[in-house]
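Student: Listed below, chain by chain, are the residues.
Number of protein chains: 2
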Amino acid sequence: MAYEINDPTLINHYSLDTLKSFASNFMKALGASEEEAEIISDGLMTASQWWHPGQGQGLEKLFRYHRRVKNGGIIPSAPMEWLKDGPSYALLDAAKGFGYVAASRAMSKAVEKAKTTGIAMVGVRHSNHFGIAGYHAMTAAKEGLIGWSFTNAKAEMAPWGSAKVVLGTNPWGIAIPRKDNHAIVLDMALTMSGKGMMMWYEREGREMPDNWALTPDGQVTTDPSAAMAGPLLPIGEYKGYGMSLITDVLAGVMTGALFGLNVFQDDQNFDVGHLMIAIEPQALITIDDFDTRLEQLVAEVKGADPIDPDKPVILPGEVEFERMTARQESGIPVSQKTVETLKTLADDVGIQFTL
Amino acid sequence: MAYEINDPTLINHYSLDTLKSFASNFMKALGASEEEAEIISDGLMTASQWWHPGQGQGLEKLFRYHRRVKNGGIIPSAPMEWLKDGPSYALLDAAKGFGYVAASRAMSKAVEKAKTTGIAMVGVRHSNHFGIAGYHAMTAAKEGLIGWSFTNAKAEMAPWGSAKVVLGTNPWGIAIPRKDNHAIVLDMALTMSGKGMMMWYEREGREMPDNWALTPDGQVTTDPSAAMAGPLLPIGEYKGYGMSLITDVLAGVMTGALFGLNVFQDDQNFDVGHLMIAIEPQALITIDDFDTRLEQLVAEVKGADPIDPDKPVILPGEVEFERMTARQESGIPVSQKTVETLKTLADDVGIQFTL
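Sequences listed follow chains A and B, in order.
Here the working numbering runs 428 ahead of the position in the first sequence, where the first position is 1.
Here the working numbering runs 428 ahead of the position in the second sequence, where the first position is 1.
Note that these hints are calculated values from the structure, not bench results.
Don't take each hint at face value.
A pair counts as met if it fits within one copy or between any two copies, since identical chains are not told apart.
[As the list claims (entries may be wrong)] With a Cα cut of at most 25 Å, we get these calculated BS3-like pairs of lysine-lysine:
#1 Lys489 / Lys582
#2 Lys512 / Lys607
#3 Lys543 / Lys512
#4 Lys592 / Lys739
#5 Lys582 / Lys730
Take these sequences, add in the hints, and give me the full structure.
Tutor: In structure tokens:
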């Protein structure tokens, strides 16, 4: 995941408060409620602290939200509605509202139910891009529960043996809470890589690994340009195809959202679906035993000698939390290009540009 | 998964009834109860119909059960006990009994609860090898629910960046029920391949893909012999490592079973853990809508043009169900070597050899 696509001389650094406040004001100017603006800006700040500016998951998401709200693809302060509410399940109609908000409400509901029943699932239909899968899993981990977030997404992966895209990268976020330490957070697409990474390799003139994507007619290639219009390849070959299909059943078919070929194809029509699962470890084991045993497993994993002595074994999410800590000291990087675009957008929505 | 490791001239074919009856009698002679013998023989017959004799998941498992029962690693008719039982959770102490039996009881309990609450999880501690992950997921699918089975296993995978094995292949079985058709069944280890497959490549003198396993000192290799004592490589590189770690938390740490380095190391000490999750689609959507929408997704997936016109896109589990149908006609293949070993074991446990 470690890549820097921006010229470091064109990177600005801002404090968390400055960026979050700007993002929140921007969202409110777009029509978001106070609660919506808080959730979305918190999610974008998490992405900005976990990842690199070039990955486009931080403030760059504001471009997309601006475009979609303007085009009617996202409805701020949408009248979301609970369609089902049972012992260990619920279903939220997100009414074309913000995906971050819908997924956050859904995971919070799953956590609330799982604390009593042991495990709960909350589906979301008629939603939008929910941001970082790991962010929503963290909503459970912050409450001491294991969180697992699923979403479907636009078709970019072909069924194994085909080059026609039918399924999404359908990212998963899984978070395991740890006592006195950052959670274990696995945040992953079900493809080996993504188009953004391929574009970076293309710009740099580099060959990509041959298991990232196929050409549109299904040939193996290491040339990112040749595969840019082709399907992304799943992790574990046919296994990742199966995982993506199952995710679309859980998040799309079962929730009443769009699925397969139809999901998320333009700025007007999304109807993405999510499924949030929360698991209460204390249903099966005392919290002390869970913590002690988990730390023993972590010690075994991190105690494994690295192949390269300079690269010790890390837990899923560990690099991201280290970056988060570092950036709270040194500031959060935002590319000059992003800053300039945000200035234009701030003018457009009529707020003061405070970066 | 398609490989034939046995000389076809040394393969015998038997009817399902003949094999199942022998397997059941053999298990009863080892001390299994009627119910245990039924579950285990049904699981072994599923493996025998789904897979190839060389994969060792069919009658060959009887060798292992015989050895372990004789060594005290498995206790037939073990006094399994429900330690926890809540709205959407339960925990079974398998008391060193048969893993097939414990997992089957656990998934049945999860299904029973999920029918009322929407989703349920059942953990199992102090268990043994549970057979086919997909078999237990199917227990839910046969009742119209989505089943997801997790197990931990002995350490064969290294944390990403290390060559020291700490985590298991930790297989998953996921089954999605379909109306009037076989379920979608994803049954997969979290590694790209397994030692059995590598041994076959070794015997055949073939190079293996370089993403299957490392040498013991962490070098990439295509030589199966060079990697036989090294770690298996996870699917999706660091992603599969994360999935395996999370599986060990769910199935091992959280259930009170062994985990990490300690699980499943010899014939005396197992204490494997499992987690069974059952999901009731009808909690969120009507069964008619679920069926209709699922069939639409299936049609989109299977409608994707194949790269090789002779290899149409298939669903996870489709090949296995086709084999199952074919073998109900033509008989189930068992290698001559297996037949001979079973004859010896039948003598040992004092039953008539009926194959």
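Student: All the hints need checking, so say for each whether the structure fits it.
Tutor: Consistency of the hints with the structure:
1. When the C-alpha separation of Lys489 and Lys582 is checked against a cutoff of 25 Å, the pair qualifies only within one copy, where the shortest distance is 17 Å, while the shortest distance between copies is 43 Å.
2. With identical chains, the CA atoms of Lys512 and Lys607 are at most 25 Å apart between copies only, with a shortest distance of 24 Å across copies and 34 Å within one.
3. Proximity of Lys543 and Lys512 under a CA criterion of 25 Å is satisfied in both settings, with 19 Å inside one chain copy and 15 Å between copies.
4. Taking the closest pair of Cα atoms, Lys592 and Lys739 come within 25 Å of each other only across two copies (14 Å); inside a single copy the shortest separation is 38 Å, beyond that limit.
5. Taking the closest pair of Cα atoms, Lys582 and Lys730 come within 25 Å of each other only across two copies (18 Å); inside a single copy the shortest separation is 36 Å, beyond that limit.
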